[in-house]
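Engineer: Produce the entire structure from the sequences given, and follow the hints as far as they go.
Which chain is which? The protein sequence lines are Y and G, in order. Straight run, no breaks: the first sequence in the working numbering ends on number 342. Straight run, no breaks: the second sequence in the working numbering ends on number 939.
Derived by calculation from the structure, the hints in this document are not laboratory data. Just so you know, not all the hints are guaranteed correct.
To be verified - Quick list of in silico lysine to any residue cross-link-like pairs, SDA-like style, CA-CA up to 25 angstroms:
1) G:Lys932 / G:Thr691
2) Y:Lys336 / G:Gly817
3) G:Lys753 / G:Thr740
4) G:Lys754 / G:Gly695
5) Y:Lys336 / G:Gly816
6) G:Lys792 / G:Gly817
7) G:Lys861 / G:Arg849
8) G:Lys932 / G:Gln687
9) G:Lys754 / Y:Gly241
10) G:Lys753 / Y:His330
11) Y:Lys336 / G:Leu814
12) G:Lys792 / Y:Arg247
13) G:Lys753 / Y:Thr250
14) G:Lys861 / G:Thr899
15) G:Lys787 / Y:Gly241
16) G:Lys781 / Y:Leu164
17) Y:Lys336 / G:Thr808
18) G:Lys754 / G:Leu734
19) Y:Lys336 / G:Ala806
20) G:Lys792 / G:Asp854
21) G:Lys792 / G:Leu814
22) Y:Lys336 / G:Met818
23) G:Lys781 / Y:His330
24) G:Lys781 / Y:Arg244
25) G:Lys753 / G:Phe705
26) G:Lys932 / G:Gly695
If you want the building blocks of each chain, they are given just below.
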Amino acid sequence: MRILTRVAYVLGLPVVLVLLWWVLTIDSTNFFVPEPGELAATFVDTWIGPRFREDVLPSVARFTVGTLLAIVLGVAAGLLIGSVRWLRSLLEPMLEFFRALPPPVLVPVLMLLIGVDNRMKVLVIVFGAIWPVLLNTVEGVRAVDPVLVDTARTYGLTRLTRLRTLVLPSAAPQIAAGVRQALSIGLILMVISEMFASSSGLGFTIVVFQRSFAVVEMWSGIVLLGLIGVAVSIVFQACERRVLHWYYGQKEVQHGR
Amino acid sequence: MEGDSVTVQNASRDGVDAPVVLSVQGLQKIYTADSGDVEAVRDLTFELRQGELVCLVGPSGCGKTTLLRCIAGLLEPTAGTVLLDGAVVTAPPKKMAVVFQEYGRSLFAWMTVRQNVELPLKNAGMPKAERRKVVSTALHAVGLEHAETSYPWQLSGGMQQRVAIARAVAYEPEVLLMDEPFAAVDAQTRADLEDLIRRVWKDLGITVLFVTHDIDESVYLGERVLILSNSPTVVQEDLTIDLPAERDQLATRSMPRFTELRTHVYAEIQKAKRGSGADA
Numbered sequence: 086m087r088i089l090t091r092v093a094y095v096l097g098l099p100v101v102l103v104l105l106w107w108v109l110t111i112d113s114t115n116f117f118v119p120e121p122g123e124l125a126a127t128f129v130d131t132w133i134g135p136r137f138r139e140d141v142l143p144s145v146a147r148f149t150v151g152t153l154l155a156i157v158l159g160v161a162a163g164l165l166i167g168s169v170r171w172l173r174s175l176l177e178p179m180l181e182f183f184r185a186l187p188p189p190v191l192v193p194v195l196m197l198l199i200g201v202d203n204r205m206k207v208l209v210i211v212f213g214a215i216w217p218v219l220l221n222t223v224e225g226v227r228a229v230d231p232v233l234v235d236t237a238r239t240y241g242l243t244r245l246t247r248l249r250t251l252v253l254p255s256a257a258p259q260i261a262a263g264v265r266q267a268l269s270i271g272l273i274l275m276v277i278s279e280m281f282a283s284s285s286g287l288g289f290t291i292v293v294f295q296r297s298f299a300v301v302e303m304w305s306g307i308v309l310l311g312l313i314g315v316a317v318s319i320v321f322q323a324c325e326r327r328v329l330h331w332y333y334g335q336k337e338v339q340h341g342r
Numbered sequence: 660m661e662g663d664s665v666t667v668q669n670a671s672r673d674g675v676d677a678p679v680v681l682s683v684q685g686l687q688k689i690y691t692a693d694s695g696d697v698e699a700v701r702d703l704t705f706e707l708r709q710g711e712l713v714c715l716v717g718p719s720g721c722g723k724t725t726l727l728r729c730i731a732g733l734l735e736p737t738a739g740t741v742l743l744d745g746a747v748v749t750a751p752p753k754k755m756a757v758v759f760q761e762y763g764r765s766l767f768a769w770m771t772v773r774q775n776v777e778l779p780l781k782n783a784g785m786p787k788a789e790r791r792k793v794v795s796t797a798l799h800a801v802g803l804e805h806a807e808t809s810y811p812w813q814l815s816g817g818m819q820q821r822v823a824i825a826r827a828v829a830y831e832p833e834v835l836l837m838d839e840p841f842a843a844v845d846a847q848t849r850a851d852l853e854d855l856i857r858r859v860w861k862d863l864g865i866t867v868l869f870v871t872h873d874i875d876e877s878v879y880l881g882e883r884v885l886i887l888s889n890s891p892t893v894v895q896e897d898l899t900i901d902l903p904a905e906r907d908q909l910a911t912r913s914m915p916r917f918t919e920l921r922t923h924v925y926a927e928i929q930k931a932k933r934g935s936g937a938d939a
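Structural biologist: Shown next, in the form of structure tokens:
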């Protein structure tokens with residue numbers, strides 16, 4: 086019964102919105118707004134088939150590689166910068182500068198520097214998605230409880246043990262918040278990087294549909310992007326619950342359940 | 660002053676049998692700040708012999724925590740030295756463990772009770788089989804053998820502090836420092852934990868330095884009580900607690916001698932509060 090209630094909550098609003106959309110478009114002749122049935126059929130025709138392998142999978146692969154690289158590099162650099170005080174003082178103003186640069190402006194620059202291949206697209210994703218991870222990690226490392234640091238020192242924990250058992254887990258909730266942002270930035274940059282000088286990918290295909298007035302196909306591409314976003318978020322939440330179960334447990338206890 | 664009329668023993672006159680483990684000599688700590696220097700500790704000198712349980716008591720804000728952090732090697736004194744087994748303490752020594760007041764913040768929330776106790780041993784490279792045995796013994800000693808797979812935040816405050824004590828005990832330190840460990844637990848739990856400390860101290864034969872602001876607690880627990888003056892701090896009195904070795908929450912606390920001693924300590928601390936530390 087509880088599961089049914091949960092499902093009802095998850096699907097309730099989408100079902101209502103689709104119904105509303107269906108009612109409003111039932112005798113619409115607007116060329117730019119398809120009705121739900123038409124869109125669903127187009128979705129299947131457009132994306133289930135060779136295009137899935139040729140456009141969707143390469144896009145998702147670039148997104149995955151780029152975002153994972155951003156997370157790994159961001160956490161590693163963040164741990165280093167957060168633990169070494171002089172390094173932090175030295176780098177922090179510059180980090181703010183790089184973070185303030187909108188990554189899409191780098192697409193033309195990177196195209197000139199390294200060409201229009203996958204490396205460019207992955208690099209654009211890394212460059213945009215790394216900042217929230219990096220800066221959140223630095224903050225998380227700085228916020229490690231001083232009593233825990235003293236405890237680790239009195240028991241003579243080695244540097245590596247301290248990093249693995251104290252700093253990293255303690256900063257993990259904040260790192261997760263950074264990763265959450267990085268995922269949505271990565272998705273945006275995946276699309277944008279494919280809109281320039283590309284011959285495959287979701288961003289490219291959606292732009293092609295748009296330019297050839299294949300409006301329903303274009304809409305179906307946007308729906309697909311939304312679905313990918315939902316899938317990414319589900320995977321992220323599952324990982325987060327697993328890694329940070331102690332954090333949520335502690336919070337529940339503190340707030341009296 | 661009714662406390663002054665009671666005969667009390669000065670501790671430095673006896674107890675010369677066991678070797679000195681911890682020696683604090685002329686310890687001074689001055690915090691430098693933009694708004695001016697603050698002298699938290701002026702000139703502290705005292706010794707702990709092996710197997711002693713000594714309580715440090717003083718008015719609030721007299722630099723007890725500063726002193727303890729200097730002894731633990733977490734803070735560098737401005738002047739003076741701390742010697743552990745004759746060696747100068749410059750960093751947290753291997754043979755020392757500390758139990759902090761903030762139990763909730765001194766345990767690793769992402770580790771189970773067992774993992775928390777095990778971590779220092781693992782770090783020191785103790786083999787797995789031995790580790791398991793030592794951890795089980797320590798958890799049994801504090802009465803937490805049933806909670807080893809729980810997380811610290813699932814336990815009550817008193818139980819969390821027991822985990823911290825188990826971790827310190829399993830580490831098998833020569834000297835155990837405790838910084839107002841029971842200040843944040845309720846009175847009943849506190850009584851249990853006091854008896855636990857007495858028991859662990861007796862069973863393991865370790866040297867314990869117990870910092871507290873609670874006068875009754877210091878008299879009940881200690882074999883000796885060091886009374887600190889107001890800041891800037893000096894040792895105002897080194898008092899031997901000549902109560903029977905077997906302490907009991909009801910029997911000991913209702914002894915006339917207990918009342919005498921606590922009255923004496925109380926009077927000394929009142930005196931310390933009125934005077935301005937070393938100048939008094």
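Engineer: With reference to the structure, classify each hint as holding or not holding.
Structural biologist: Right, here's what the structure says about each hint:
Among the hinted pairs, Lys932 (chain G) with Thr691 (chain G) is consistent with the structure: their alpha-carbon atoms are about 24 angstroms apart, no more than 25 angstroms. Distance check on the hinted pair: Lys336 (chain Y) and Gly817 (chain G) sit about 19 angstroms apart at the alpha-carbon level, within 25 angstroms; holds. Pair hint Lys753 (chain G) plus Thr740 (chain G) holds up; C-alpha atoms about 17 angstroms apart against a cutoff of 25 angstroms. Our distance criterion of 25 angstroms between C-alpha atoms is broken by Lys754 (chain G) and Gly695 (chain G), whose separation comes to about 36 angstroms.
For the proposed pair Lys336 (chain Y) and Gly816 (chain G), the alpha carbon gap of about 16 angstroms is at most 25 angstroms, so the pair holds. For a cut-off of 25 angstroms, the pair hint linking Lys792 (chain G) to Gly817 (chain G) stands: about 24 angstroms separates their Cα positions. For the hint pairing Lys861 (chain G) with Arg849 (chain G), the CA-to-CA distance comes to about 18 angstroms; that is within 25 angstroms, so the pair holds. About 20 angstroms separates the Cα atoms of Lys932 (chain G) and Gln687 (chain G), which keeps this hinted pair within 25 angstroms; it holds.
With a CA separation close to 10 angstroms, the supplied pair Lys754 (chain G) and Gly241 (chain Y) stays within the 25 angstroms bound. Of the supplied pair hints, the one linking Lys753 (chain G) and His330 (chain Y) is violated, its CA atoms being roughly 33 angstroms apart against a limit of 25 angstroms. With a C-alpha separation of about 14 angstroms, the suggested pair Lys336 (chain Y) and Leu814 (chain G) falls inside the 25 angstroms cut-off, and the hint holds. A distance of roughly 24 angstroms separates the Cα atoms of Lys792 (chain G) and Arg247 (chain Y); the hinted pair therefore holds under the 25 angstroms criterion.
At roughly 19 angstroms between alpha-carbon atoms, Lys753 (chain G) and Thr250 (chain Y) fall within 25 angstroms of each other, so this suggested pair holds. With a C-alpha separation of about 18 angstroms, the suggested pair Lys861 (chain G) and Thr899 (chain G) falls inside the 25 angstroms cut-off, and the hint holds. Restraint check: the Cα-Cα separation between Lys787 (chain G) and Gly241 (chain Y) comes to about 19 angstroms, which is no more than 25 angstroms; the hinted pair holds. The straight-line distance between the Cα atoms of Lys781 (chain G) and Leu164 (chain Y) is roughly 23 angstroms, inside the 25 angstroms bound, and the hint therefore holds.
For the proposed pair Lys336 (chain Y) and Thr808 (chain G), the alpha carbon gap of about 19 angstroms is at most 25 angstroms, so the pair holds. Using a Cα cut-off of 25 angstroms, the hinted pair Lys754 (chain G) and Leu734 (chain G) holds, with the two alpha carbons roughly 17 angstroms apart. A hinted pair counts as satisfied when its Cα atoms are at most 25 angstroms apart, and Lys336 (chain Y) with Ala806 (chain G) qualifies at roughly 20 angstroms. Of the pairs offered as hints, the one joining Lys792 (chain G) and Asp854 (chain G) holds, with about 24 angstroms between alpha carbons and a cut-off of 25 angstroms not exceeded.
Restraint check for Lys792 (chain G) and Leu814 (chain G): satisfied, since their Cα atoms lie roughly 23 angstroms apart, inside the 25 angstroms limit. Taking the CA atoms of Lys336 (chain Y) and Met818 (chain G), the gap is near 19 angstroms; set against the 25 angstroms cutoff, the hint holds. Pair hint Lys781 (chain G) plus His330 (chain Y) holds up; C-alpha atoms about 24 angstroms apart against a cutoff of 25 angstroms. About 14 angstroms separates the Cα atoms of Lys781 (chain G) and Arg244 (chain Y), which keeps this hinted pair within 25 angstroms; it holds.
About 21 angstroms separates the Cα atoms of Lys753 (chain G) and Phe705 (chain G), which keeps this hinted pair within 25 angstroms; it holds. At roughly 23 angstroms between alpha-carbon atoms, Lys932 (chain G) and Gly695 (chain G) fall within 25 angstroms of each other, so this suggested pair holds.
Figure legend: structure checked against the earlier numbered hints; hints not met, in rising order: 4, 10.
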